[in-house]
Amino acid sequence: MNDHGTEHSAYRLLHHLQGNCIPRLHGIVRLSITSDPEPLHPITDIVQGLAFEYVHGVNMEDLKPGVDISQQEAEAISSLVMDVFRTIEAENCVIHNDLHIGNVILRDSPVIIDFGFAIIRRPGWSDEEWKGVVEGGPDTRNMRRALVNGGWKKNVTPFEMTDSRYDNPAVFTKYVEDLPEDYRMKMFEKVLDTDWDGAKEMVHRWRIKPDVRYRPWYD
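Read left to right, the sequence shown gives residues 17 to 235 (my numbering).
The hints are simulated quantities; they were obtained by calculation from the structure and are not laboratory data.
In this text the structure is predicted, and so the values were computed from the model without any measurement.
We put the beta carbon where it would ideally sit given N, CA and C, even for glycine.
One or more of the hints may lead you astray.
List time: in silico DSS-like cross-link candidates among lysine-lysine, alpha-carbon distance up to 27 Å [as the list claims (entries may be wrong)]:
1) Lys190 x Lys206
2) Lys80 x Lys206
3) Lys225 x Lys202
4) Lys206 x Lys225
5) Lys225 x Lys80
6) Lys170 x Lys202
7) Lys170 x Lys206
8) Lys170 x Lys225
9) Lys190 x Lys202
10) Lys170 x Lys190
11) Lys190 x Lys225
What follows is a set of in silico ranges between Cβ atoms, one per label pair, in the way DEER data are often shown [said to hold, decoys possible]:
12) Arg40 x Pro196: 45 to 53 Å
13) Asp84 x Asp227: 52 to 60 Å
14) Asn184 x His72: 41 to 49 Å
15) Ile44 x Glu205: 38 to 46 Å
16) Leu47 x Gly148: 34 to 42 Å
17) Gln34 x Pro185: 46 to 54 Å
18) Asn165 x His72: 40 to 48 Å
19) Arg138 x Asp227: 17 to 25 Å
20) Asp143 x Val164: 52 to 60 Å
21) Pro185 x His42: 53 to 61 Å
22) Asp52 x Val74: 35 to 43 Å
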């Protein structure tokens, strides 16, 4: 499927999110690329496209956290962007698959654009099959990475303490202590524990607070 067909399919499947999470699709357009008065060939002389609403807003790529907006504002915007991608993911039919901040327009709430590289759920795929596709490359994980790398997001929701990524105490400690202090104190606490199974010496270690919401292992 070409970019035009892919994007059209994505907008069709996400139709009730149009005008909110994604732009409104007005329709398909067909433009002649020749001035020849002869009858037009549908393949060589016609270009198809999609007509979208114009989204009045600011592209995230044009803003620099800490310069154009405060870090606190950047964190708030990042949370809204992640909420939009969770909303799209919950539809169980489309993965955007081209995640960078240039594909986010900020108006009253974030608007996601450019679904030309989207992964579309095939007819007949079970929920379990689609879940496997999502877990292989979830938009939420890739967008979070883009936000962190771009300086938009520092407050990163943790995995469960049993996750293998936290097996190395030094790695986990660095992750926690690199977080902003207010977020760190909200999400984590220091407890007396050992550095590894079988160790005798007790030390203060960071732990995720019991009531904190985790993010799934694949995210």
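Going through the hints against the structure:
| no. | hint | result |
| --- | --- | --- |
| 1 | Lys190 x Lys206 | holds, 14 Å |
| 2 | Lys80 x Lys206 | violated, 34 Å |
| 3 | Lys225 x Lys202 | holds, 8 Å |
| 4 | Lys206 x Lys225 | holds, 9 Å |
| 5 | Lys225 x Lys80 | violated, 32 Å |
| 6 | Lys170 x Lys202 | holds, 14 Å |
| 7 | Lys170 x Lys206 | holds, 20 Å |
| 8 | Lys170 x Lys225 | holds, 18 Å |
| 9 | Lys190 x Lys202 | holds, 17 Å |
| 10 | Lys170 x Lys190 | holds, 13 Å |
| 11 | Lys190 x Lys225 | holds, 17 Å |
| 12 | Arg40 x Pro196: 45 to 53 Å | violated, 37 Å |
| 13 | Asp84 x Asp227: 52 to 60 Å | violated, 35 Å |
| 14 | Asn184 x His72: 41 to 49 Å | holds, 47 Å |
| 15 | Ile44 x Glu205: 38 to 46 Å | violated, 56 Å |
| 16 | Leu47 x Gly148: 34 to 42 Å | holds, 39 Å |
| 17 | Gln34 x Pro185: 46 to 54 Å | holds, 48 Å |
| 18 | Asn165 x His72: 40 to 48 Å | violated, 27 Å |
| 19 | Arg138 x Asp227: 17 to 25 Å | violated, 40 Å |
| 20 | Asp143 x Val164: 52 to 60 Å | violated, 30 Å |
| 21 | Pro185 x His42: 53 to 61 Å | holds, 55 Å |
| 22 | Asp52 x Val74: 35 to 43 Å | holds, 42 Å |
In summary, the numbered hints that this structure violates are 2, 5, 12, 13, 15, 18, 19 and 20.
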